[in-house]
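**Student:** Line by line, the protein sequences are chains A and B.
Using my numbering, the letters of the first sequence map in sequence onto residues 1 to 411.
Using my numbering, the letters of the second sequence map in sequence onto residues 412 to 531.
Any given hint might turn out to be false.
[To be verified] Covered by chain A, per the in silico footprint, the following chain B stretches (three or more residues, Cβ under 8 Å):
no.	stretch
1	431-443
2	460-471
3	476-482
Hints are computed from structural coordinates only; laboratory data are not their basis.
Cβ atoms here follow ideal geometry from the backbone N, Cα and C, with glycine treated the same way.
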Amino acid sequence: MDIEQIYREESGRILATLIRLLGDLDLAEEAVQDAFAAALVSWPKTGVPANPRAWLVSTGRNKAVDLLRRRAVLESKREELARLNGLAEQVAEAPEETMLKDDRLRLIFTCCHPALPREAQVPLTLRTLCGLSTEEIAHAFLVPLPTMAQRLVRAKQKIRDAGIPYRVPADEELPERVETVLLVVYLVFNEGYNATAGDTLVRRELCGEAIRLGRLVYQLMPGEPEAQALLALMLLHDSRRDARTTTAGEIVLLEEQDRTRWHRDQIAEGLELLERALGRGARGPYALQAAIAGLHAQAKSAQETDWHQIVALYELLLQAQPSPVVELNRAVAVAMASGLSEGLRLLNALEERGELRGYYLLPAARGDLLRRMERWEESGDAYRQALAFVSNEAERKFLRRRLTEVQGQTR
Amino acid sequence: MQYLLLIYDQESQWGNMSQADQGRMLQDYGDLTKSIQQSGHFVGGNQLHPVSKATTVRVRDGKKLVTDGPFAETKEQLGGYYLIEAKDLDDAVAIAARIPSARFGSIEVRPIVVRERVAA
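Chain A extracted, bound-state conformation (with noise of 0.2 Å):
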C-alpha cells in the first residue's frame, strides 16, 4: 500500500480521532498534514509501519503537541503547558477500531450542527470525514474556491468559539440531528454518483465512503427505519457502478446497461433493507426512491420493468417533497408508462415554468423522447442546449455522440 493510497482511505478517521484528542479541528487538520508529511520521509527508510493509522495518529498528536508547547513557551502560558504534557501522557495508547468509529460518528455530528449554516454542513463534512479538498468541495458545489474555503474557515471558527460539542446528541436530540445527518450522507453519495464536473463519472471512493457512513448512521439508530431506507437506496443504486460506463469511460444509460454486471450481493442487501425500513413504517423520501431503485433492479429489462408502479412513486415523492427534479425524473417514468408524447408533454411544461433552466438534464430528456419520436431535427436541438450546460466529461461525450447519431439521420 502507497502512502497516497493510505491518505485517501485513512485521512478522515486519522482527522476524526485527532479532533477528538485535540479538540480543536484547525490543529488537527494541521497535525493530520504534519503526520503524512513525517511519514514520506521515514516510511522509505524504515517501510510501512504494520498498523499505518496508529502510526499516523500518535506522530499526529506528537507533531500537534509540540506545536503547542512551542506557542504556549513563546506567549508563556505555564497552565497550557501543565494541560498539554498531561495531554501527552494521557492519549499515548493507542486508539481502538471502535473508537475509531465513535470518533468519526461524533465527527458527523458536529459537522451536521444545525447551529452551523447548511451550506457549511455538507462541504464540512466532505472536507473533515471523507477527505475531499477545498477545491474539489468548491468545484463541486460551482462555487469559486476562496468562497468555499471562506465558509469552511468560518464554519471552523463557530465551532470553536461557540462552542459547538464532538459528541453523539443525546438520545431525545437524535431525531432531529439524525434528519440533517442522512441529508448530509446522501449529499455525499449523491457527489459520488453524479459528480457534476470533472472527468470521472463514478467517484467510488466518495459513494463507498457515503456508504460507510450511511452504515455507521444505521449502527447507531437501528430504530430509524428512514437511516435504514438510506442505506438501501445507496447500496442499489451502487450496485449498478459498473455497468455505468464503457471502458473507455463512457455513459451507458440504465436500459441499455448489462444488467448481469450489476452487483447481485449488493442488490440483495439493498432489498432486504428496504423491505424491513418499509415493513418499519419509512414512507419518507429515501424509502421512496430506494423503493424506485429496487424495482429497477429487480426487473430483467427496461420494458419488462414495472413503470406503472414507478410513476405511482414518484407521485408519492413529489407529495413528500415537492421539487422540479422529482418531476422531471416522473415526466421520464410517464414516457415509459404511458408513452413518448405524454411524456414529453410534461417536459415541455416543466420547460416552460423555467425552474430548471441550466440544469442539463431537462433538455437532455427531452432530446431522448424527441430521438424515440424519430423527431430527429428538434432532437439534435435539444441535444445541443443540453450540451451548453453539462460539465462532466463523460456527460458530454455521452450527448455528442447522442448528437452524431440524430444529426446523422436528417441527412
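Please arrange chain B on chain A, whose structure you already have, making use of the hints.
**Tutor:** Chain B only, in chain A's frame:
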C-alpha cells in the same frame, strides 16, 4: 437601580481598524472598566463574539428549532437576558429552549469572548 448598557456597533469596522487603533480601543475599554470599578458602578460586563457565532433558538408547538445566526424579527424587542455557564453550545441551547419567551419570541445564544486576564 441597576442598568444594562447595551453596546451596538458595526462589526466590520473593527476588522478595518489598524492594529494600533484596535490596541487603543482595547486600552480605552480597559480604562473605562477600571474607572467604573473604582467608582463602584461596575457589576459585570463582557465582549460578545460576532453575530456569525450566534445561534437562534425557538420553540414552536413544543418543538425546538435551532438555526444558525441571529434572526430576531424587527417586531421583537430585547426583553431580558440570562448569563449562563454551560458545558457547550448544546447545553446552552437546551437551557435557552426552557426560557418561556422562546415559545413565541426567539432566544439568541451568543458566546462570550474569553480573555486571558491581564495582570492588574
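**Student:** Hints numbered earlier in the text: which of these fail when held up against the supplied structure?
**Tutor:** 1
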